[in-house]
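**Student:** Chain residues, written in single-letter form:
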Amino acid sequence: MYVLLRHLQRVRREAALPRRAGARSLAIRHVDAGSCNACEHELTATAAPQYDLQRFGLDIVASPRHADVLLVTGPVTTRMADSLRVVYEAMPEPRRVAALGDCALGCGVLGTVAELAGPLEELLPVDIRIPGCPPTPQAIADAILALTR
Amino acid sequence: MSPAAPPHQRVEQEDVAAPGWREACAAARAEGGRFCGAFADRSGSPGRWHALFANGPRTRVLTTVAAGDELPSIVEPIPAADWDEREAHDLYGLRFAGHQPLRPLVAHPSDTPSWTVAVEGEGVHEVAVGPVHAGVIESGHFRFHVVGERILHLDPRLFYKHRGLERAAEGRELAEGLAFAQRACGACAVANSVAYAQAGELALGLVPSRELRRARTLLLELERLYNHLNDVAAVCAGVGFAAGNMAFAALKERALRLNDELAGHRFLFGSIELGASALDLPSPALERARGELRELGQDTARAWREIQFSPSVQARLEGVGILAGEDAVRLGAVGPAARAAGVRIDTRAASPGLWYGSSFSAAIPPGARGDVAARLEVRALELVEVFAILEELLAAPVRPGVASPESAPLALAVARVESPRGETVCALEQGASRLRRLRLRTGSYANWPALAFATAENLLPDFPLINKSFELCYACVDR
Chain A
1 MYVLLRHLQR VRREAALPRR AGARSLAIRH VDAGSCNACE HELTATAAPQ YDLQRFGLDI
61 VASPRHADVL LVTGPVTTRM ADSLRVVYEA MPEPRRVAAL GDCALGCGVL GTVAELAGPL
121 EELLPVDIRI PGCPPTPQAI ADAILALTR
Chain B
150 MSPAAPPHQR VEQEDVAAPG WREACAAARA EGGRFCGAFA DRSGSPGRWH ALFANGPRTR
210 VLTTVAAGDE LPSIVEPIPA ADWDEREAHD LYGLRFAGHQ PLRPLVAHPS DTPSWTVAVE
270 GEGVHEVAVG PVHAGVIESG HFRFHVVGER ILHLDPRLFY KHRGLERAAE GRELAEGLAF
330 AQRACGACAV ANSVAYAQAG ELALGLVPSR ELRRARTLLL ELERLYNHLN DVAAVCAGVG
390 FAAGNMAFAA LKERALRLND ELAGHRFLFG SIELGASALD LPSPALERAR GELRELGQDT
450 ARAWREIQFS PSVQARLEGV GILAGEDAVR LGAVGPAARA AGVRIDTRAA SPGLWYGSSF
510 SAAIPPGARG DVAARLEVRA LELVEVFAIL EELLAAPVRP GVASPESAPL ALAVARVESP
570 RGETVCALEQ GASRLRRLRL RTGSYANWPA LAFATAENLL PDFPLINKSF ELCYACVDR
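As you go down the protein sequences, you meet chains A and B in turn.
Residue 97 in my numbering sits at position 97 of the first sequence, and the numbers go up by one each step.
Residue 534 in my numbering sits at position 385 of the second sequence, and the numbers go up by one each step.
The shape of chain A in the complex, shown without the other chains (with noise of 0.2 Å):
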């Protein structure tokens, strides 16, 4: 355990990331409407060590009720679309949507048009976006903490 804790504090000083104090700390729900799981992956990796969200106060909340964001990966199929937008009225105002990654923007979505109800902004409020494929976790990093100034 001790060995763990010593090579994470390793590579906390490599990763020598600024401290920013910011306003706000938001709750991100998170829904994944047909993603191919790479944007996955980084919005993953910006709780890891070398990106470390949590200490703004950015976290991933387990339910809509408790979430400031919905940010959603996917070019949304149709089968997600009606738990998608569950989601997002299940949120409290005030609520922003975030579409993470190009499907979601709609940019080079492959698959057949019966399948597919996307992109976002057809079927949600999109407030920021944030490309890539997959948008890198600094990229997704960024753009989430340009929302708490």
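In case anyone wonders, no lab produced these hints; they're calculated from the structure.
The C-beta atom is built at its ideal place from N, Cα and C for all residues, glycine as well.
Be a bit skeptical, because a hint or two may be false.
[As the list claims (entries may be wrong)] Chain B regions said to be covered by chain A (calculated; three or more residues, Cβ under 8 Å):
(1) 304-313
(2) 334-341
(3) 382-395
Given the coordinates of chain A, work out where chain B should sit on it, guided by the hints.
**Tutor:** Frame of chain A; chain B shown alone:
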């Protein structure tokens, strides 16, 4: 490290009359073939139905004609064909006599009894989870039948992420079709692309050069590296061991940065093409990469030892989510989940089109108990191997490779590749160099029924851990 066999898996196709279909498939299995997928082709009329059997570096394809859209089911001699028949029914309208009940798989009817197993008894109730989940995880639905916290049975329902990729690829030029295979899954991008490229090259009569085989093997192992580091991190998260989760998340991040350095993308997207490879790594780049990998390997070994010798972590992993060897074989499980149960299969040992060497063999953990601990141990054993393979591949410059016309074209071609989660099969049918049908059946597709089976008799709070010990994809199952 150079194999002497022809540089591709041989495909042997034979036609079977429909009345003898079940017997022919059972015989193929009895002759040592391992069922590895079945798919429908409705591009002509009547439709055709193909069943694939792997036998080392050979793939047998049995084909029959579905007159009147009905065929005998093979689910009774070959339970591993369950999902293939259900998918063919939902997407292609085929019926399978003897598959009773034929539950919807891709179709999502709203009445639960139509797709779940009826579980009755005192105190039995259902817990429904998903498709939206509490953390950052892919969308899928689980219906647990429980008494208290003890799971009696799990019915998973996936295909919420079904995008129709295979259908959308039809009619495209073979080279264009690769993008559809790659897009199926971010974490299997290389495995799926290589399987597609190899199938496409076999179809076009192209044979890969030494450089092409080396480059693809390098990229496959880079993909395996970050995936296995991810899986160890995930299992730590599954038992609430934050230090282990974070340590392996940090190691995985280093692997992703190395991918970016070597191939220009953290997930190696765009690194695989049909018929060629552009990867060009001269000596200075190789030296840097080998140095980083050596350090990463040492740090990984140290972090793994901490987890291995942490009693509170091991106590959570042992005896949980057991998939026994005979069940793994019966259900057609592949990859680390199968090897953890003692099943000696790894497609890297049967890949003449790559660069693994004739002495490659599957990693089986001591004891092979088939529990979460064993599945984790397989990742650790394979990580040691991955570092060794990468060290050897990067010992000489990596140069652009090509595939050259050297064999006869085929209308139906199949290639099998070992993805991080197990054998991925890509079958395609082509006419005039255009795709008529694409079927991508990944290791995750093969393993979901085994995961559901291994979940029974465990506690509900242990499901996330069991799920993470398999760490199957949803995207490449749904396509």
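**Student:** Look at each hint and say if it fits the structure.
**Tutor:** Structure-based check of all given hints:
{"no.": "1", "hint": "304-313", "result": "holds (count 6)"}
{"no.": "2", "hint": "334-341", "result": "holds (count 4)"}
{"no.": "3", "hint": "382-395", "result": "holds (count 3)"}
The structure shown violates none of the earlier numbered hints.
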